[in-house]
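Heads up: the protein sequence lines correspond to chains A and B, in order. Those letters in the first sequence? Residues 0 to 279, per numbering that gives the first Met the number 0, in order. Those letters in the second sequence? Residues 0 to 131, per numbering that gives the first Met the number 0, in order.
Possibly wrong hints are sitting among the right ones.
To be verified - Each computed DSBU-like pair below joins lysine-lysine, with the alpha-carbon atoms no more than 35 Å apart: (1) Lys-44(A) - Lys-2(A); (2) Lys-35(B) - Lys-94(A); (3) Lys-126(B) - Lys-223(A); (4) Lys-204(A) - Lys-223(A); (5) Lys-92(A) - Lys-126(B); (6) Lys-23(A) - Lys-126(B); (7) Lys-23(A) - Lys-34(A); (8) Lys-257(A) - Lys-2(A); (9) Lys-35(B) - Lys-223(A); (10) Lys-257(A) - Lys-92(A); (11) Lys-160(A) - Lys-126(B).
Don't read these hints as lab results, they were simulated from the structure.
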Amino acid sequence: MAKLIAGVGTAHVPAIGAAVDHGKQNEAYWQPFFKGIEPAREWAKKAKPDVCIIIYNDHASAFSLETIATFAIGVAPEFEPADEGYGPRQVPKVKGNSEFAWHIAESLILDEFDMTICNEMSVDHGLTVPLSIMYDQPETWPCEVIPLCVNVIQYPQPTAKRCHDLGKALRRAIDSFDRDISVAVLGTGGMSHQLQGERAGLINKEFDTDFLDKLVSSPEELTKISHTEYLRESGSEGIELIMWLIMRGAMNEAVDEKYRFYHVPVSNTAYGLTILEDQE
Amino acid sequence: MRERRDYDDIPGTYVFDGEHSLKGYHLNMFCMSLNKAGNREAFRADEAVYLQAFPMSEAQRQAVLNRDWLGMLRLGGNIYYTFKVAIFSGLNMQQAGAAMSGNGMSFEEFQQMMLDGGRPIQGNRSKADENK
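Start from the sequences, fold in the hints, and give me the full structure.
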């Protein structure tokens, strides 16, 4: 049977992708960041998940305002990196796992989460930057990927509780897949940041620290935070943190935090990383 | 106009709700069109002519031509869309952030603010708070 081996939370700031793609890792600005994610790369080398389910949001790349899906899953055999306005990132194509993705889509929908199913979609920095964080610059990505895309741009986003519940359903889908594969779930986005308006540049370290603490000990508390409180406290784009709750929902109630890293700034964003494993 | 909402109280923040999305739809879809290299070329060739192809308001077109980043947000733009115009103009997110600060902040000052830990939440939680 499929086995969930870990949950990872990470921000997906596009500047990280640009730093990797253009060899800026050793610049003074980037050194502390790349040093801080090294243990996650070591972890990924040892853990070697066969499939990463990456929970992320699209940033006006594959999807637009033409059709706004709250939760979408990619079932294609492969996904091309999107042109976000600069030309596509020069990273490997992302290989999917259609059989597993369809199993998850069916399981989630029968579990009353009405997913949008995507047979064709490109993937933007929201998905490829987490891969660069975990795997640097390989010839091909060492895992298959199932994209699970969440609307966090158009208000109202799904509630924090709905995201956490989706995570629980995602776990039931993983546990019921009859193939011996190892699976990691990545919740991406955040942490506190605001890109728009006169309040651009907002960072709230206290909120982020509390979020990382409660993500381990009492995620139910985080599901009670309203949209307005996320917008106010973590910034208008910090609300991406609800995607970490899908990851957390997929984990057991009791988890061990294997690694944590927090660093300000990465571009206009507070970068956070956490690796969680179920307690035995 | 819709009823007041609790998030209206957050300063310097344009929550992209239904009303905002409706107002900005064509502006944002113009921005989205810049994902295609051919469209970027056409926009570069003649910005005003290119904008005519989108049923936007004249104020929205002017905001794009003037690279009025706050103006675009106020007219229904969403940052992930309007940032396509910033990318087109060779701006990074910190340059755009400085320009949106609305108080003449320079890119260097914005960069330094981020290095110093970002714009603080204290004093920026609510409009009432800001006016203290």
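Against the structure, the hints come out as follows:
no.: 1; hint: Lys-44(A) - Lys-2(A); result: holds, 17 Å
no.: 2; hint: Lys-35(B) - Lys-94(A); result: holds, 24 Å
no.: 3; hint: Lys-126(B) - Lys-223(A); result: holds, 24 Å
no.: 4; hint: Lys-204(A) - Lys-223(A); result: holds, 20 Å
no.: 5; hint: Lys-92(A) - Lys-126(B); result: violated, 46 Å
no.: 6; hint: Lys-23(A) - Lys-126(B); result: violated, 39 Å
no.: 7; hint: Lys-23(A) - Lys-34(A); result: holds, 13 Å
no.: 8; hint: Lys-257(A) - Lys-2(A); result: holds, 18 Å
no.: 9; hint: Lys-35(B) - Lys-223(A); result: violated, 40 Å
no.: 10; hint: Lys-257(A) - Lys-92(A); result: holds, 30 Å
no.: 11; hint: Lys-160(A) - Lys-126(B); result: holds, 28 Å
Hint check: violations occur at hints 5, 6 and 9; the rest are consistent with the structure.
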